Structure formats: structure tokens, C-alpha cells
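Colleague: Single-letter residue listing:
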Amino acid sequence: MSTLETPPPDAAALAALILRVSQKRDRTAYAALFKHFAPRVKAYLRRVGLDGAEAEEVTQEVMLSLWRKADSFDPAIAGAATWIFAITRNARIDLARRRRGLPTTPEPEEEGHSPSAEALTLAYEREALVRAALDTLSTEQQQIVRLSFFSETPHVAIADALGLPLGTVKSRIRLGLAKLRAALEDKT
Amino acid sequence: MIRHHPAPETLLAHIAGTLEPGHALIVTVHIEACVNCRAEAARLEATGGVLLDELDSEPLSTGAFAAVLARLDEPAPPKPVRPRQADLRLPPGLRLPAALRGTAIGRWLWMGAGLRYSRVTLPWAPKENVMLLRVEGGRRVLRHSHGGAELTQVLWGGFHDITGAYGPGDLQEADETIEHQPLADPEGCLCLAALEGGLRLPWISRLMGK
Ligand SMILES: [Zn+2]
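From first to last, the protein sequence lines stand for chains L and P.
At position 15 of the first sequence the residue is numbered 15 (our numbering), and the sequence of numbers has no breaks.
At position 94 of the second sequence the residue is numbered 94 (our numbering), and the sequence of numbers has no breaks.
Just so you know, the hints here were simulated from the structure itself, not pulled from any lab data.
You may find that some hints are simply not true.
As the list claims (entries may be wrong) - Chain L stretches covered by chain P per the calculated footprint, using a threshold of three residues with CB under 8 Å from any CB of chain P:
1) 16-24
2) 56-65
3) 98-104
4) 137-149
5) 158-168
6) 172-179
This structure is a prediction, so every number in the text was calculated from the model and none was measured.
Glycine residues also receive a C-beta, built at the ideal position from the N, C-alpha and C atoms.
Next comes chain P alone, as it looks inside the complex:
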């Protein structure tokens, strides 16, 4: 049961194409898992279609149709090569979301006791700050805000903080005003997170005991 969804204006920005690429990736992963947001995304996309269809036509240059016709038989551009993905030894039964397939995934790096991260690089937006986070059961992460919005999608396990409890499929949308110290559930937690505004240190964090 998914309880936490992207904010309505975030989903709208995603469908309109104005969300930053890192956030767009997280929302795509959420939509993959969430039937409600999939339905809402379909409604919003249909809205985009209707609005496009209603626009007053803008005439094309005279040769446009002929130019496109002449290219119809060109071979389609080759598919991009899939970047390297480290073997992350995921919890049994867990597959990474399909939306991550075109991304490069680094090996786990140590961030503190019971806390590791793996950098996710988007070839189409390499400066975006996206990472997988693995927190051991019962660990608390002190998150230090960077002033930008932060989207976190739970892939496995869960955590809770003052804003609520988050399980698989849930998306947390946090801005700089939220002081939160997520505490991982007993089985631990695997999340995908994106910070707004390009390359910065991932969650400056330190660990507290239980």
C-alpha cells in the first residue's frame, strides 16, 4: 500500500517536462510502482495533448513536409550504449526499477557505520545528484539540508521520521524547511534519492547510535 506520493504540482511539472532530470527520474520510478500516480499522470498527459491540439496552428516552412518525407527511410539512430552498472548485491528478490536501466551505477561507498551510497549517473544529465542509499536496520541518518528540494523513493525496506512512515513505493518530497532524521526500519532500507541543483555532496550525514 503506497501512502506517500509526489505533490500534485510535482507530478504536473514532470508531465509538462519542466522537472529537473534527477527529480524526473525519481518520479518516473514512483509512477512505475504506483497505480494511482500512473492514472493521474495519464490524465495530465491527456491534458497536455488536449492543450496542444487546441493551439492555433503555426505554419511550417514551405519545404518542411518534403524534407521530412525525404528522411522517412533513413535508418533510425542507434540506441545508446548501456552504461556500466556495478553489482550492488541487492536484497534477494529486488530488481532495480526499469527507469534506472540507462543510468550508470557506481559501487557502494562507505558513508558511515551502517550507511552506504552508490552514485547514479544520468548520461543525459551527468551533473544531477542522484544516489542509491542503503541504511542498516535501526540506524538514524542526520540529514543536513542543502536548501533545495529532495526527492526520495523507497525501493525496499523502510524508514520513518517526523513526517511519517515510508515503505516500498513511497516517495518523500522534502524541502529545506523540514528537519528530519529518518530512522531505518529493523530490516533496513534501500532508497533512491535526488537532490536539487546539481552536483553537491550527498546527504552530509553522520550516524547516531540507536
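With the rest of the complex left out, here is chain L:
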């Protein structure tokens, strides 16, 4: 017997699910978001150095935050994956603080930035553009961008992975970012 996997929801569908959670406290939508994001959040946390138990604990915190903070999700500002990424990054930083008995970082209070021209690109479209822009980078540049996000000590990790002297890492990061920016600047 074969099981038919439903295809993963696309970016627009994920954003719509978060809006259902924020507007209707919809637990079915929440379950779909959990199914999509929790395993990816856990994978990210493992990549940045948390052990299995810590990654599990923080993933549950992140998914709880998704429920609690859903009303701060604005699809004009960030795509669903982008929003989850930011929550996950902050939760990981906060774990280290809690371990040291320190309070967590306060939530930013939105100042109501006037939407700038760049916000006119719908945020989930921006994710698609970023995906396409990443594909235009060389393998080495893609690795540099990944390691920058997925390592606690990115410069050392990049130097090790690419066999580069530490002193040249900064300029390599700049080259990769400049290429990424050039591929995105007119569009986002």
C-alpha cells in the first residue's frame, strides 16, 4: 500500500494558515503549520549546535510562540518562513540567556515604520526571489551564506570548510553578499 503525501503548502498557503491562526484561533491551520515548520525549526536548531533534547525543547517554544504571536505576523512585512526564522533565531539566543539565569530579550515594540517602497513586494514573493537569487551564487558562495546562518562561529566555520585563511573570510562573505544583493536589489 502506498501512502500519498500531500505536497508541502507553498509560501502563500503558509501565510494564509498563519492568518487563520491569528484571526480565528484555528487549530486545524495550526496543526498544518506545526507539521510543516516544527521539523524544519528543529533541523535549524540542530545545525546551530543544540543537542537533540535542547532542539526539541526550543522547537516546542517556537511553535508555542507561533500561536501566541500570530497576530504580529504581517504578510506585507515578512513571509511565513522568514517570520518563523526570526522567532527561531531569537528563541535560540534566549535559551542561552535562560541557562545563565538572565531575562530574555524584550519584544521589539513596532514603531509603525511607514511602508517603504521595498515593502510593496509581497513578502512571500521576496522569499521566491531570494531562492532564485541563491541559485545564481557559486557553490562556494552558497556554502558561505549557509554557514553564516548555520554556525555559531561562522567565520571559523567558513575558513575550515573552504580551507581559507581566517583573514580572507570577511572579503569572501562580502563578495557573496554583494552578488546576492545585486540579484535582488531591483526586485525586492
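Using the hints provided, position chain P with the ligand relative to the given structure of chain L.
Modeller: Chain P with the ligand only, in chain L's frame:
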């Protein structure tokens, strides 16, 4: 017109979450003021989102979903109490950046003629060396390097040194290799600065006349 921005790799580290908390605060204040860096930060954050979304799934423990469901109706944790902030008698019309709201701010302390500082304490990272600096017009500060990177964001007024002129919204990123002696503009200067590497004396400085 903002002319000086954080280096690309600094902004990237901020978005990736690997910047030290003091530096992260300065960059947050800069992003609040700078439309260009706000756009770049949004692009980098979207990059983080895409990279997270592309990762191979790591399965959760069997009871994970049920455990989270059981907690959905728990009350959210209380907001942290806002720490004390001294009345700094800021220049008229100036508001402190929103990013400073959760911090404790001490009163002005004398550092030398025409130079005062106020310690900014981050409750979530109390050892970080962050301060507000107020320099009177035409004063020059001799900065003595500590070997770490130093981020300075201009909130009001301005200064210039061999690396250029800095006005409101500008961020100076200096490392130990830069010997600089910032000279405050005629109206003076109010900056927010963070030194790398935890608690040390703030800018060991002395003042020269004009
Ligand atoms: Zn900027």
C-alpha cells in the same frame, strides 16, 4: 542623509543571530533609523527563512505536538519590568531609540571637561559594555583602543575623524587598527557606543583643547 552603515558581514551576523548583544543593540538602533539597512536586513532575514525552509526535516518526538497543544491556552509569560532610566536631559526634540526601551540607563557621569557618559545596561546581557556619550562642541576625544571592535551610532549632532564625517543616523564601525581622534561638531554630539568583549573601562579618554 545617512552615509555610514554597518559592514555587510556585521549586518549578516546580526540577522543570523551571532552578533554580540551590545553590537546587536547598536545595529538595531541603526536599522531603526536607516531605510537602506532596513531593506537589506529584510532581504537577509528572508534568506534565513528560505534556508530554514530548505532544510531536511528533523522529526520531533512522538508526543511533541500533543505537548504543545496542551500548552496553547496557558497564559503568555508576563512582560519584563522596564528597568530604570535616568532623566538625561536630552537635546530638545530628541527621543531615545525604541531599541533602548528595555535597557537600564544611568545618570551622566563626568569623564573629562566637555565629556560625559551614561552607562546603558542590557538586562539580558548585563556584562556588555554599552554607553551613551555626550561630547561638547569642538571637543576632541582621544580614543585608546582595547583591541576589540567598537560600534558607535550617532543619535544627535556629529563628529568627524580621519575616517570621515558622521552625523545623525550614521554608524561607525572601528577596529583596533584605527587610530582615531573624533572631533565633535560645533553643536556637540550624542552617541551610543558598544565595545566588544564585555565589561571594561569605557573609552579611556582624555581631552585635548581645540
Ligand atoms: Zn544603514
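Colleague: For every hint, state whether the structure bears it out.
Modeller: Structure-based check of all given hints:
1. 16-24: Violated: only 0 residues of the segment 16-24 of chain L have a Cβ under 8 Å from chain P.
2. 56-65: It holds: at least three residues are needed, and the segment 56-65 of chain L offers 5 whose Cβ sits within less than 8 Å of chain P.
3. 98-104: This one holds; 3 residues, not fewer than the three required, reach chain P with a Cβ under 8 Å.
4. 137-149: As far as the segment 137-149 of chain L goes, the hint holds, because 4 residues have Cβ atoms under 8 Å from chain P.
5. 158-168: With 0 residues in contact (Cβ-Cβ under 8 Å with chain P), the coverage given for the segment 158-168 of chain L is violated.
6. 172-179: The restraint on the segment 172-179 of chain L holds, since 4 of its residues have a Cβ under 8 Å from chain P and three suffice.
Hint compliance for this structure: hints 1 and 5 are broken, all remaining hints hold.
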